[in-house]
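Hey, can you work out the whole structure from these sequences and the hints?
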Amino acid sequence: EAGVTQSPTHLIKTRGQQVTLRCSPISGHTSVYWYQQALGLGLQFLLWYDEGEERNRGNFPPRFSGRQFPNYSSELNVNALELEDSALYLCASSWGQGSEKLFFGSGTQLSVL
Amino acid sequence: GESVGLHLPTLSVQEGDNSIINCAYSNSASDYFIWYKQESGKGPQFIIDIRSNMDKRQGQRVTVLLNKTVKHLSLQIAATQPGDSAVYFCAENISGGSYIPTFGRGTSLIVHP
Chain S
707 EAGVTQSPTH
717 LIKTRGQQVT
727 LRCSPISGHT
737 SVYWYQQALG
747 LGLQFLLWYD
757 EGEERNRGNF
767 PPRFSGRQFP
777 NYSSELNVNA
787 LELEDSALYL
797 CASSWGQGSE
807 KLFFGSGTQL
817 SVL
Chain P
6 GESVGLHLPT
16 LSVQEGDNSI
26 INCAYSNSAS
36 DYFIWYKQES
46 GKGPQFIIDI
56 RSNMDKRQGQ
66 RVTVLLNKTV
76 KHLSLQIAAT
86 QPGDSAVYFC
96 AENISGGSYI
106 PTFGRGTSLI
116 VHP
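Chains S and P are the protein sequences, given in the same order. The numbering used here applies: residue 707 is where the first sequence begins, and numbers increase by one. The numbering used here applies: residue 6 is where the second sequence begins, and numbers increase by one.
Don't read these hints as lab results, they were simulated from the structure. This structure is a prediction, so every number in the text was calculated from the model and none was measured. Please note that the accuracy of each hint is not assured.
[Claimed, not checked] Distance condition first, Cα-Cα at most 16 Å in a straight line; then the derived EDC-like pairs of lysine to aspartate or glutamate: (1) P:Lys-76 to P:Asp-22; (2) S:Lys-807 to P:Asp-36; (3) P:Lys-47 to P:Asp-89; (4) S:Lys-807 to P:Asp-54; (5) P:Lys-76 to P:Asp-60; (6) P:Lys-73 to P:Asp-36.
Here you go:
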């Protein structure tokens, strides 16, 4: 069984640009979570999607957005990139609302120059 | 020994020693806890979990202890091996609802051969 897959694995952008990160959950999982992990820091919650709907949002500005598609895959969009957006962006999936255990992908390493 | 740097706390041990990684959680309503291991370049991977109706749970070479009175978790790794070198995160959750799993700061474990 395939795990959570994320693409691309690495990305280099410049300030002011926009980026889209992609995530495919484990087959059968309906919930997708996005976390930001800055270098040496913990995981900061960004967004949670379940059954195509945004269920919760972390303390991030509106230029961080996303969506979940009917096949439960998800995109994270970041507009007007800033230097401090440089981080590892992790996607996790779970069986659905109320499910407790998250399964993580390997992340997308975003560098903003 | 354990030291607290600018970002991640670090625990350095010798191969074969037992390691203890500590975590304080914040929400007294949390009733489900998970330890994750994150190796370099990878996403966090599930190690072991424990529910609040237990105070100890054992896995293969790992034991999790839960002290609800002081909101404290620990992860014990027996006979630590170089392959155990990674960052370890605890996560707290509330079962059955829409609570977002919240991750601790993480501890970097370095195992010296």
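In ascending order, which of the hints set out earlier in this document are inconsistent with the structure? 1
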